[in-house]
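J.: If you're matching them up, the sequences are chains A and B in order. Just so we're aligned: 566 in this note's numbering is position 465 of the first sequence, and the numbers increase by one with no gaps anywhere. Just so we're aligned: 583 in this note's numbering is position 482 of the second sequence, and the numbers increase by one with no gaps anywhere.
It is possible that some hints are incorrect.
Identical copies look the same in the list; a pair holds intra-copy or inter-copy alike.
[As the list claims (entries may be wrong)] Derived EDC-like pairs: lysine to aspartate or glutamate, alpha-carbon spacing no greater than 16 Å straight-line:
1. Lys387 / Glu359
2. Lys531 / Glu496
3. Lys302 / Asp353
4. Lys302 / Asp650
5. Lys299 / Asp650
6. Lys387 / Asp159
7. Lys531 / Asp403
8. Lys572 / Glu560
9. Lys210 / Glu156
10. Lys468 / Glu275
11. Lys131 / Glu404
Derived by calculation from the structure, the hints in this document are not laboratory data.
There are 2 protein chains.
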Amino acid sequence: MKWVPSKSVPFVIPYYGRWILPTVGQVWPKPQQQTSSETFFVLRPTMFQFQIVGERCDIIDEAVRRYYQLIFYPGAAASAPLAYPPTLSVIQDNPQFRAFLDSVAIDLKQPCEYLPSADMIESYNIKIDTPDNPLKATISSDSVWGILRGLESLSQLVYSSTETGVAYQINATEIVDFPRFSYRGLMMDSARHYMPLKTIKKMTDLMAQNKMNVLHWHLTDDASFPYESTLFPNISRYGSFQPFSHIYTANDVREIIEYARMRGIRVIPEFDSPDHTQSWGRGQPKLLTECYDDNGVLLVPDEYGAIMPTREENYVFLQQFFGEIFNTFPDPFVHLGGDEVSYYCWQRHPEIKAFMAANGWGTDFTKLEQYYFDRLTTATQEITQNQMRYIVWQELLDLNITLPTGTIVEVWKGAKEELNFLDELARITKYGYQTILSSPWYLNYISYGLDWEKYYLAEPLDFDGSDEQKKLVIGGEVVMWSEYVDSVSVIPRTWPRASTVAERLWSDRSVNDTTLAALRLEEHRCRLLKRGFAVDPSNGVNFCEQEWDM
Amino acid sequence: MKWVPSKSVPFVIPYYGRWILPTVGQVWPKPQQQTSSETFFVLRPTMFQFQIVGERCDIIDEAVRRYYQLIFYPGAAASAPLAYPPTLSVIQDNPQFRAFLDSVAIDLKQPCEYLPSADMIESYNIKIDTPDNPLKATISSDSVWGILRGLESLSQLVYSSTETGVAYQINATEIVDFPRFSYRGLMMDSARHYMPLKTIKKMTDLMAQNKMNVLHWHLTDDASFPYESTLFPNISRYGSFQPFSHIYTANDVREIIEYARMRGIRVIPEFDSPDHTQSWGRGQPKLLTECYDDNGVLLVPDEYGAIMPTREENYVFLQQFFGEIFNTFPDPFVHLGGDEVSYYCWQRHPEIKAFMAANGWGTDFTKLEQYYFDRLTTATQEITQNQMRYIVWQELLDLNITLPTGTIVEVWKGAKEELNFLDELARITKYGYQTILSSPWYLNYISYGLDWEKYYLAEPLDFDGSDEQKKLVIGGEVVMWSEYVDSVSVIPRTWPRASTVAERLWSDRSVNDTTLAALRLEEHRCRLLKRGFAVDPSNGVNFCEQEWDM
Chain A
102 MKWVPSKSVP
112 FVIPYYGRWI
122 LPTVGQVWPK
132 PQQQTSSETF
142 FVLRPTMFQF
152 QIVGERCDII
162 DEAVRRYYQL
172 IFYPGAAASA
182 PLAYPPTLSV
192 IQDNPQFRAF
202 LDSVAIDLKQ
212 PCEYLPSADM
222 IESYNIKIDT
232 PDNPLKATIS
242 SDSVWGILRG
252 LESLSQLVYS
262 STETGVAYQI
272 NATEIVDFPR
282 FSYRGLMMDS
292 ARHYMPLKTI
302 KKMTDLMAQN
312 KMNVLHWHLT
322 DDASFPYEST
332 LFPNISRYGS
342 FQPFSHIYTA
352 NDVREIIEYA
362 RMRGIRVIPE
372 FDSPDHTQSW
382 GRGQPKLLTE
392 CYDDNGVLLV
402 PDEYGAIMPT
412 REENYVFLQQ
422 FFGEIFNTFP
432 DPFVHLGGDE
442 VSYYCWQRHP
452 EIKAFMAANG
462 WGTDFTKLEQ
472 YYFDRLTTAT
482 QEITQNQMRY
492 IVWQELLDLN
502 ITLPTGTIVE
512 VWKGAKEELN
522 FLDELARITK
532 YGYQTILSSP
542 WYLNYISYGL
552 DWEKYYLAEP
562 LDFDGSDEQK
572 KLVIGGEVVM
582 WSEYVDSVSV
592 IPRTWPRAST
602 VAERLWSDRS
612 VNDTTLAALR
622 LEEHRCRLLK
632 RGFAVDPSNG
642 VNFCEQEWDM
Chain B
102 MKWVPSKSVP
112 FVIPYYGRWI
122 LPTVGQVWPK
132 PQQQTSSETF
142 FVLRPTMFQF
152 QIVGERCDII
162 DEAVRRYYQL
172 IFYPGAAASA
182 PLAYPPTLSV
192 IQDNPQFRAF
202 LDSVAIDLKQ
212 PCEYLPSADM
222 IESYNIKIDT
232 PDNPLKATIS
242 SDSVWGILRG
252 LESLSQLVYS
262 STETGVAYQI
272 NATEIVDFPR
282 FSYRGLMMDS
292 ARHYMPLKTI
302 KKMTDLMAQN
312 KMNVLHWHLT
322 DDASFPYEST
332 LFPNISRYGS
342 FQPFSHIYTA
352 NDVREIIEYA
362 RMRGIRVIPE
372 FDSPDHTQSW
382 GRGQPKLLTE
392 CYDDNGVLLV
402 PDEYGAIMPT
412 REENYVFLQQ
422 FFGEIFNTFP
432 DPFVHLGGDE
442 VSYYCWQRHP
452 EIKAFMAANG
462 WGTDFTKLEQ
472 YYFDRLTTAT
482 QEITQNQMRY
492 IVWQELLDLN
502 ITLPTGTIVE
512 VWKGAKEELN
522 FLDELARITK
532 YGYQTILSSP
542 WYLNYISYGL
552 DWEKYYLAEP
562 LDFDGSDEQK
572 KLVIGGEVVM
582 WSEYVDSVSV
592 IPRTWPRAST
602 VAERLWSDRS
612 VNDTTLAALR
622 LEEHRCRLLK
632 RGFAVDPSNG
642 VNFCEQEWDM
C-alpha cells in the first residue's frame, strides 16, 4: 500500500502547519514482507467477529476480545469514530471497494503453549483477499505467540479513511512476518521509584503493541526492596519505602506475570547482587558486609558494603531466597545483576582479609567475586534441579569471572558515549556467551528535541566480529532507570522512543531510513494515544485527530 | 514550626531509601514572615466551615468551596486519609493539642475587585491562635486576591500527622505575606501543539497553587492559528491544525478567562507579529509578504515572509483584529510578540523596495519594522481609546525601536547560555521600560537529572544597574514552548520546576538555600500529586504516600 497522507491538512507549506504527515494503516514495527493493494474492505463493529478455526486456548480467547476492543473502541482517549460505514449504495460506488469484511479467521496450527519462552515462535501470516484467500481474511501461525503478533498487525492495518469517510477500513494485504531477534526487552526499575501495578500493566500493553516480548523487572536496588518475600517478609517490611502501600505481594507478581503471559511477554525478575543491595540489609541482619575505615575502625551505624561473601549462612539465605524466586516467576531466567560491585568494605573487613589470605588470593578481589558467583550459582542450581538460567550485567565478564554455560550477558556500557557499544559487543561476544544489548537504549537519559533517531539507528550487528560472534547476539532491551522518573512520566518518557528500538529488533536490518520511519512513527504515536496511552509526541510540531484530554 | 521529618521512614542511612525527607505542613512559596508553634489544632471535615466575616463576592464563595475540597478531599489521586480525628480523650492527652478548629474566618476588608490586574494587591495575614486571636483562625486582606493567596497558604498548613495519626492537623501559626514581584507568569504555547481546555485549566490551577498570577497565552505562531476570530473566522478555518477540533472558540476563551479570574490570575494573550505569522496567511489573503528570490523571481506557491508592512489594508485588518482581541480579553495588556523578524522577503519585494527608497531609509529595515509597530500601535490605540497596553519580546529594543510609554519588555535572550540574562537585563532596563524576565526559565529545554536548582537560583535583580533600573523589573515568567511537548507531558514537564520560579518571584530574595528548599519542594510535589496533578518527581529517589496510579 502506498502511503496515503492525511487529508485533514490539505497540503504542507514551508514553516506552516505540521512538520510530518503521518501514514495511514501502516504496521509498526514494519513487517518482514508486506504487499498491499488499494482495494479495501469495510469493517462493521456490529457484524464483525473473529472466527477461531484452528487450535484455541485462553490466550486466544482473551486476545480476540482485546483486539475487537482495540480495533473498534480503542480506549479512554477515543471519542466518536470518524463515521459509521456509509450506506451500501454510497460505498459501492467506490471502485476500490471490495466488500464488507465481517470476519477474520484465526488459524493456529499447533496447540497453544502455556508460557512464552526464549524459544517461542512468533512468526505469522496475514492474508486479506489474496489470490488463494479471495474476499477473506486469515491470520495463521504455528504458535499462539505468532497469532498474538498477527492480531496486533491486523489491528494496525485497520484505519479511518478521510477519503471515504469510513471509520474502519482495511486494504487487501498479505504479510509474512517474523522477528529478527528473539529477545526484545524492556527493563523497568521499581526500586528507585515504586511503580504501581496499573503502570506496569500499561507498559506491558505497550510492549505487546510494539511486539516486544521480555519484561525485565529490576525489582530491587539500594534504595528499596518492594518485593514481599514469602520466606523473608522482613526484607520488604524494613527495606521498602512503605511496607503496605509500596510493595509487590506474591499475588501482585502473579497478576503481572499472567497479564504478560496473555500478551506473549516473558517476565524476568532481577535481584541484583552482591552490590546494589543496601535495602536488603535491614530485614536480613548479617547479610551485608560491615564496613571498616582504613584504620580498622568499624563505621557505625549502618555503613555497609555488598553482601558478605565469606559468611556461610548467607549462601543458605540466597539459596532459599532464589528458590522462592524460581517458584514465583515461571521463566527459568533470572537476572542476577552483578554490576558495579564496590570492593571498599570487602577490602577492609578482617574476616574477608583472613579468607583472602587463606586462599592465597592476595589483593585480587575479583577472585572473591568469582567465589561469590560460584557459590550463588551452585546453590541456585542445587535448589532448582539445574533448571535456573541466568542473565548478568557485563561487568562479570569485564572482570573475567566465569559463568555457567547458558548464561546471557547484558552489554550496557557505552550508554553515554557515542557508538562505543559496538566495541563492547565485539569484546564481550568473544567470551562465547549469548548476549543482549542495552547500551544505546538508556531512555532515562532524556534530552531536548527530536531524539528518537539515535535509538532507531543503533544497529546491534554493526560490530567487527565473526559470524559466530554475531549469532550470539540474541537481541536487546530498552532500559528505563527510575532515579528521576516515577509513575507520572514513565510512560511518556519511554514511549514512543521504545517503539523505535522495537522496530530495530523486530524488522529487517535494512529498515533504517529515518525519514520513512518518521511518517510511520507519527501514525503509530497517534494510534497509541487513541488507545488511551499517554505517549509523547515524537516528531516536533504536529497534532493527532484525538489529543490527550485527560 | 520546626521541620518535622516524615515518620514513615524511621531514619535514613547512606545510599539506602529516599534521598530527601519532605517537610510537613510547610507553605510553598515560602511566606515573607511566619512564626509557628508546636501546639496544634485538629480539623474535622464534618464540622469545619469557612466563616465569611468581611466583604464577599462570587470569587470568595467559589474559593471557600474549592479550598474545603482541597483540604479534605484533595483530588482523584487521593484515597482514604491517614485517619479520622481520634476520639477526644486520646487527643486531649497530647500536651500540644489546643482544640478542634471548626472554622476559619475570612475577613476581606475592602469590596471585591472584579478582575485581577497589574496593580492588584495580594498581601494577606493569617492568624491561628495568636495572642490577639486566641483559639481562632483568621485570614485577612485588603483585597480579594490576598484572600485567595491566604486560602492557598492555609490549605498548605494543614497536614496529616504520622505522629498523632490525625488526618487534618494545623499548627498555631502567624503569617504576614506579600509578593516580591507583581508579575509572576507562565507562558503556554498552544500553537506548536494544541492544548485542550482541560490542560489549560489544570495549568491554571497549578499556577494558583503556586501563587502565580499571569497566564501568558501564546495563542498563534507559524505552525497554527487555533483562535477562532469572530470577525475573521477564515484564519482559524484555514490556519488551525483542524478547524473544528483544534480551535478555541470565543466561548472557550471566556471559559479560560473566568476560570483564571476565579483564581486571581490574569490572562494575557499573545498574537505575535509581524513574523511567526505563517498560519495567518491562508485565511487572510494578501496579509503576508510574497517572497522573491535574489533574481526577482516570485517564489511560488506559498512562500511568504512576515506581514506585508506597506499594504494599507493590512493595518485596517490589524486594527479590527486587535480591536476584537481587546474586547475578548479583559486585561488591557496584549503581548504583541515582535521576536525574530526575518527581513529576507521584505528585502526582495519590489513594493517594499520602492517604499524604502521613497522614505530615504536605504537598506535599514529596522526603520520599516519601526514603521510597522508605529502603525500597529497607533491603530490599536485608536480602536481601544488608548486603553490597550503592550508587552513585547526584547528584540524591538535590541533594534532600537521606540515603543509607547507603558510598554513592558520581556527579556528572553541568554536562555541557553549561563547567566547571560543578567547582562541582557542590565542593558534592556536602561531604556526605561518596565521589564519582565524569562531567559533562565525556558522549561522546555529539558535535561537529565536534578535540574530545578538552576531555575531556583536565577536571581532577576543580580545585574549591575541603578536602583531605578532594578525597580523597572516587575517580575518574570516561566515559558514552555511546545515544539516537543503536548498535552500528554506539558504538566509534568512544567511542574514542579515552575514552582521553584514561583518561589523566586514571590518570596524574599534571601530565600535561596537549595538544601532547605529541596525538603519543602519534596512536600510540595507530593501535595500537588495528591491534589490530582501529574507533576514530576524533583529530587531523585523518593516516594509519595499516595503515588500517581492512573
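J.: Taking the hints in turn, state whether each one holds.
T.: Verification of the hints:
1. Lys387 / Glu359: neither (35 Å within a copy, 62 Å between copies)
2. Lys531 / Glu496: within (14 Å within a copy, 59 Å between copies)
3. Lys302 / Asp353: within (11 Å within a copy, 36 Å between copies)
4. Lys302 / Asp650: Classified as between: cross-chain Cα gap 11 Å, same-chain 21 Å, threshold 16 Å.
5. Lys299 / Asp650: Classified as between; 7 Å across copies, 19 Å inside a copy.
6. Lys387 / Asp159: The answer is neither: 46 Å in one copy and 64 Å across copies each exceed 16 Å.
7. Lys531 / Asp403: neither (41 Å within a copy, 58 Å between copies)
8. Lys572 / Glu560: within (14 Å within a copy, 57 Å between copies)
9. Lys210 / Glu156: within (6 Å within a copy, 78 Å between copies)
10. Lys468 / Glu275: Close neither inside one copy (56 Å) nor across copies (64 Å); limit 16 Å.
11. Lys131 / Glu404: neither (51 Å within a copy, 35 Å between copies)
This entry does not satisfy hints 1, 6, 7, 10 and 11, going by the numbered hints stated previously.
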